[in-house]
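Participant: For reference, the chains in residue letters:
There are 4 protein chains.
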Amino acid sequence: MSIPVAEMQRLVHEGVPLARAWGVEVLQAAGGTATLRLPHHEDLLRPGGTVSGPALMGLADVAMWAALLSLTGGKDESLTANLAITFLRPPAPRAVIAEARVIKKGRTLSYGEVLLRSEGEAAPCAHVTTSWASAVRRA
Amino acid sequence: MSIPVAEMQRLVHEGVPLARAWGVEVLQAAGGTATLRLPHHEDLLRPGGTVSGPALMGLADVAMWAALLSLTGGKDESLTANLAITFLRPPAPRAVIAEARVIKKGRTLSYGEVLLRSEGEAAPCAHVTTSWASAVRRA
Amino acid sequence: MSIPVAEMQRLVHEGVPLARAWGVEVLQAAGGTATLRLPHHEDLLRPGGTVSGPALMGLADVAMWAALLSLTGGKDESLTANLAITFLRPPAPRAVIAEARVIKKGRTLSYGEVLLRSEGEAAPCAHVTTSWASAVRRA
Amino acid sequence: MSIPVAEMQRLVHEGVPLARAWGVEVLQAAGGTATLRLPHHEDLLRPGGTVSGPALMGLADVAMWAALLSLTGGKDESLTANLAITFLRPPAPRAVIAEARVIKKGRTLSYGEVLLRSEGEAAPCAHVTTSWASAVRRA
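Residue numbers (my numbering), protein chains in the order written: chain A, 48 to 186; chain B, 48 to 186; chain C, 48 to 186; chain D, 48 to 186.
Only chain A is shown next, with the shape it has when bound in the complex (with noise of 0.2 Å):
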């Protein structure tokens, strides 16, 4: 059941409109990874020069669901529980790689890490934490 990289791409927009407004992209996304680039863009820049820490906490989240997504046939209704990030060193003026990977995938609780570089660069800009929740259903 593994999904094309533009289907998870049209969902990914489709389910967090901030991931199209900003043009993300899904490079690859199967067995619970999942690696999204974010292009340069002027206004997701802090002043020095650096993509803002928000739109690095975004693209994140959306790699995180992407890589969720790949286990379960594209349907997912999990949301965030919670979300750590830590900045490492100034992100370079240009397009962000994030790699995600499931380290658990639970009935009622996930959770799994993303690296964050700069596109081009080997050491990380920040690394982040998640857990995601199942959404309960209800009749």
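Just to be clear, a hint being listed does not mean it is correct.
Said to hold, decoys possible - For lysine to any residue, the following SDA-like pairs were computed, each having C-alpha atoms within a straight-line distance of at most 20 Å:
#1 K152/D x S165/A
#2 K151/A x E146/D
#3 K151/B x T97/C
#4 K122/B x R93/A
#5 K122/A x G95/B
#6 K151/C x L126/A
#7 K151/D x A170/A
#8 K151/B x R164/C
#9 K152/D x A170/A
#10 K151/C x G167/B
#11 K122/D x G96/C
#12 K152/B x L162/C
#13 K152/B x S181/D
#14 K151/B x E146/C
#15 K122/D x G95/C
#16 K152/D x R136/A
#17 K151/C x E168/B
#18 K151/A x T97/D
#19 K122/C x G96/D
#20 K151/B x R136/C
#21 K151/A x A139/D
#22 K151/B x A139/C
#23 K152/B x A169/C
#24 K152/A x A170/D
#25 K152/B x L126/D
#26 K151/D x S165/A
#27 K122/B x G96/A
#28 K151/C x S181/A
#29 K151/B x A170/C
#30 K152/A x E168/D
#31 K151/C x A139/B
#32 K122/B x G95/A
#33 K151/C x E146/B
#34 K122/C x G95/D
#35 K152/C x L126/A
#36 K151/D x L162/A
#37 K152/B x T155/D
#38 K151/B x A169/C
#39 K152/C x E168/B
These are calculated hints, taken from the structure and not from any lab test. These numbers come from a predicted model, not from an experiment.
Take the given structure of chain A and dock chains B, C and D to it, following the hints.
Facilitator: Frame of chain A; chains B, C and D shown alone:
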């Protein structure tokens, strides 16, 4: 060295372009606390009509910065070192109020918390803790 | 369904053997709040004479459990889902007081915060946030 | 400047008396990584037979310190600035293995993660992220 809210709002919009793009308002900022308001925007919603996580994180981030600025006469070059958000209930599709409070102002690290509420509601929709590192100037 | 503090202390010692080993005292527990005290112990110190991090984390964990128990008449099978501690200043080599407060009591997830102080001091030495998941019984 | 594991274990026991009291063993420590083992102890269990949260937090804390020490020839005066643990599944009532990894070693702040597993199991029982602040000496 109290700062008028209009001046504080100008500082916040200048320092964080996303805050200006989203029309974030500074309602109060003094003595290590700050209250900010994120107006209702269609493009900050998620399907289902709740305000998106990245918008809440971004609002919390600038609210803490305003609280720090209130202690330093509007001059602060700290950067977010980490931010952890826990989502408590889905925010209603309307304006969000953030109340930030500095718990510790240190020379190299400061720490505080932010409560987020849908406007007009008592119960918080999210809680944030965040550390800020003083930017070190090198000659 | 308020619980006497002696009974609450018995519950906490029974449920968390480390709390008993360290002689943790319940000073107050009612309405979703609890105040606990960790007496001074030589073997909970670090070199330099500060109370060790793991001892502070353990104290915070049982303090939140007591706060949750105060809401449920002493019956609670929740488990810690996550705990985040920020160290604000080195605790003095004496007893530590923990003040826990439930921010949200949910059906499946609860959330709260704990302030830790050296006994007799106003400024906190650490701040904790923590989520608890309801244990699900299977027949 | 690699350090023999016996010497590393001595440093860890000297610096963290709880680690000595619990008999924590250093299995490996080099290049910014470390593997530690917490032996089985009846008094570190919770009712139900799982290893208690504070014991896991304490183990993770010293594991990260060992990983930092491996980068600095055994001299490190950093202190834990924060630690966040997410519990993924109840640990079995036996020894716990901690694998720590430094993600960033900075001048003033370092950051890393720790995976905790019951001995002999592949799936982690907990995941930790933690920041350490360099202790600043004043003349």
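Participant: Can the restraint linking K122/D and G95/C be considered satisfied, given a maximum Cα separation of 20 Å?
Facilitator: holds (15 Å)
Participant: For the pair supplied as a hint, K152/B and S181/D, confirm whether the alpha-carbon distance does not exceed 20 Å.
Facilitator: Given that 20 Å is the threshold and the Cα spacing comes to 18 Å, the pair holds.
Participant: Can the restraint linking K151/C and L126/A be considered satisfied, given a maximum Cα separation of 20 Å?
Facilitator: holds (17 Å)
Participant: What's the verdict on K152/C and L126/A, does the C-alpha distance respect the 20 Å limit or exceed it?
Facilitator: Judged against 20 Å, a Cα distance of about 18 Å means the pair holds.
Participant: Given the hint that K152/A pairs with E168/D, test it: the Cα-Cα distance must not exceed 20 Å.
Facilitator: holds (17 Å)
Participant: CA of K151/B to CA of T97/C, is that 20 Å or under?
Facilitator: Roughly 19 Å between the alpha carbons, so the hint for K151/B and T97/C holds.
Participant: Is K152/C close enough to E168/B, meaning Cα to Cα at most 20 Å?
Facilitator: holds (17 Å)
Participant: For the pair supplied as a hint, K151/D and S165/A, confirm whether the alpha-carbon distance does not exceed 20 Å.
Facilitator: holds (15 Å)
Participant: Has the given pair, K122/C with G96/D, been kept, meaning a C-alpha gap of at most 20 Å?
Facilitator: holds (19 Å)
Participant: Quick one, are K151/B and R164/C close enough, alpha carbons at most 20 Å?
Facilitator: It holds: about 13 Å lies between the C-alpha atoms, which stays within 20 Å.
Participant: Between the alpha carbons of K151/C and A139/B, is the straight-line distance 20 Å or under?
Facilitator: holds (17 Å)
Participant: Is the straight-line distance between the alpha-carbon of K122/B and that of G95/A 20 Å or less?
Facilitator: holds (15 Å)
In this structure, none of the earlier numbered hints is contradicted; all agree with it.
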